[in-house]
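With chain A held as given, fit chain B with the ligands onto it using these hints.
As they're listed, the protein sequences go chains A and B.
According to my numbering, the stretch in the first sequence is residues 1 to 374, in order.
According to my numbering, the stretch in the second sequence is residues 1001 to 1317, in order.
No incorrect hints appear here.
Cβ pair distances, simulated, as ranges: (1) B:G1065 with A:S370: 22 to 28 Å; (2) B:H1130 with A:V248: 38 to 44 Å; (3) B:H1237 with A:S370: 55 to 61 Å.
Hints are computed from structural coordinates only; laboratory data are not their basis.
For every residue, glycine included, the Cβ atom is placed at its ideal position computed from N, Cα and C.
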Amino acid sequence: MRKTWAVARKELRQIARDPLSLVMLIGLPAFMLVLYGFALNFDVRHVALAVQDLDGSRASRDLLGAFVNSTYFDVTAVADAGDDLERITRMRSAKAVLVIPRGYGEDLAAGRNGDVQLLLDGTDATTAQTILGYAGSIAAEANSRLLHRALARTGTPAPDMTAYEPRVFYNPELRSTQFLVPGLIGFLLMLTAVLSTAMSVVREKERGTMEQIRVSPVRTAELILGKATPYLVISLLATAIIILAARVLFGVVVRGSYLDLFVATVLYLLGALGFGLLISTIADTQALAFQIGLLTSLLPAMLLSGFIFPIRTMPAVLRAITNLVPARHFLVVLRGIILKGAGLEPYLEQLVLLAVFAILTLGLASLRMSRREA
Amino acid sequence: MAAAVELRDLTKRFGDFVAVGGITLDVQAGEIFGFLGANGAGKSTTIRMMCGLLRPSGGSARVLGIDVAKDPEGVKRSIGYMSQRFSLYEDLTAQQNIRFFGGVYGLHGPEAREREQWAIEMTGLRGQEHRLTRELPGGWRQKLALACAVLHRPRVVFLDEPTSGVDPLSRRRFWALIDEMAASGVTVFVTTHYLDEAEYCHRLALIHAGRLAALGGVAELKQVFAGHAVLEVECPHPADALDTLSDAAWAREVAIFGTRLHVVVEDAERGAQQVQEALAATGNTPAQVARIVPSLEDVFIHHVEEAEAQKAAAARR
Ligand SMILES: Nc1ncnc2c1ncn2[C@@H]1O[C@H](COP(=O)(O)OP(=O)(O)OP(=O)(O)O)[C@@H](O)[C@H]1O
Ligand SMILES: [Mg+2]
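Chain A on its own, in the form it takes in the complex (with noise of 0.2 Å):
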């Protein structure tokens, strides 16, 4: 225990003498979620929306007044029958137009399917994309309603209609910053952890002080919990101040309790840790090391984890490798005890997966550095 505590303090020193890696480890996590926070956004709100209502009738005005009152859209000018639709949009005057076609009532009152029509600026791709996605759903959700009322009135047995009727549960506004804020936290413990951790051992083995340590009585468990002790603190550091950062900035809100995050995001920082250790079993030089970390762990972190691509998109294969990411497991972890609200008992399975992957990284890290000679 003395010795780890020297092992620990030494590298507490070091850290501290190198300001740079400080403000990477602690300063950077924030700088990234307010980076990804404003830049990542996708909400969008408040469009501007050009109106063609040929229909004119009940119907269609509830349909107007469902987008209006989503808030999503705001009606900026509105268009008589004949008019240059085209043109609208050219000048920017609003960003989609929405055109109800004639029949639109009839239809939902016989009860068919009601078509309405939405020209859409492509310019920003993203935005455009979103603001399909906001209207295709208000319409959607409007002519269920609609019809069901007419199917009501006649006296027909309403169909299942639940087939299209999107709805969003635990980010109800869809604020992508509140689904950021897990992802991020999983990025950037893999960033300090792995990295740092791998980091810091090559370099002791570079410049000759590992054989120094390695020729004295530490064992290799202290040295590893010597090692990992002080990254772990400073990652939980990190992920505290994301927390706190993402609160004051966003408003982002933990909805479950600070123990379940704290457990979870310790299994998941063992594992990272024993992976940054095993990384430096393997590579001679932090050059190699830094690569090794962003190709094995970073990147997957970032791409393949669910954080910025959702995986139910993937391809078939992809998805199957996301299973051994681990920062897949815990946002799935970590959304549901930050955006639901949950307890841990849900996510057993990964939890348990998290647990398998910090015992084989530790286990075969320090397997490694025992046996290792020179």
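Here is chain B with the ligands on its own, set in the frame of chain A:
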């Protein structure tokens, strides 16, 4: 009493390459044992096997009676090691380095403080202990590295070229420290390729290409020239002279030392005359031919040449 270090046919191969080819020797407790060899002779490899950092490919190394390969943990507490590369934390202060190494050796409480003071005193770093190690001059850093290696009072210390890259005055002080340690009963196993430093050692092993070429005290080793004389020759073209004299049957050994030649002959006077005549005949008349007291370097070269000759003979057969 058992020897502090016993090597028995200690061997290390890297693939097909034999870095250490079967070394057998004993080092007595309290001895300063010098391990001499050219670059790549296998000095570091041998030391690293003795510290448990490398596994021998054959033979054994016993330190304080314990087989290092079988029980590396068993000897760690009793040995100190200073590697060839400077291996303290340059981004920590002298004191922080001392505390770290004390810590990993399990020192604590009053003992740790006492050893820390001892290390600061011994290195002469009092008042400088809060300076970063990277800012310290080479001689100090080397002494600090030694202090860190022996904080835990090991009974056997392995020093791998501890004085390389250090100025002569610091080297002298460093050897004074080693002398003190040995006087207090610590066994010191030290490698060097400064032949002048060999004079500080009680006994020496000369190794060449991974093999023991000679073993003994300095005076003992110089005995190889008993019954012979070493002549130093100064002439205009030493390289040509080397060719000329190498062909002469009466010159037992010829070697270049800087701008001069050393020639081993049976009789000083007759040999000097033969050298004069042989070189004059090729228009390379020597300015001076004088008998000298053989240095360790002569001894070393003698053994290397002998080893090479044996190898060549073996290859011919
Ligand atoms: N890990 C290794 N793999 C392959 N060859 C090695 C390894 N370590 C050392 N060698 C080789 O073994 C030989 C002996 O090396 P060693 O470091 O023991 O020499 P040395 O006597 O300490 O030399 P120096 O004075 O340069 O320190 C060298 O030729 C070296 O290249
Ligand atoms: Mg060496």
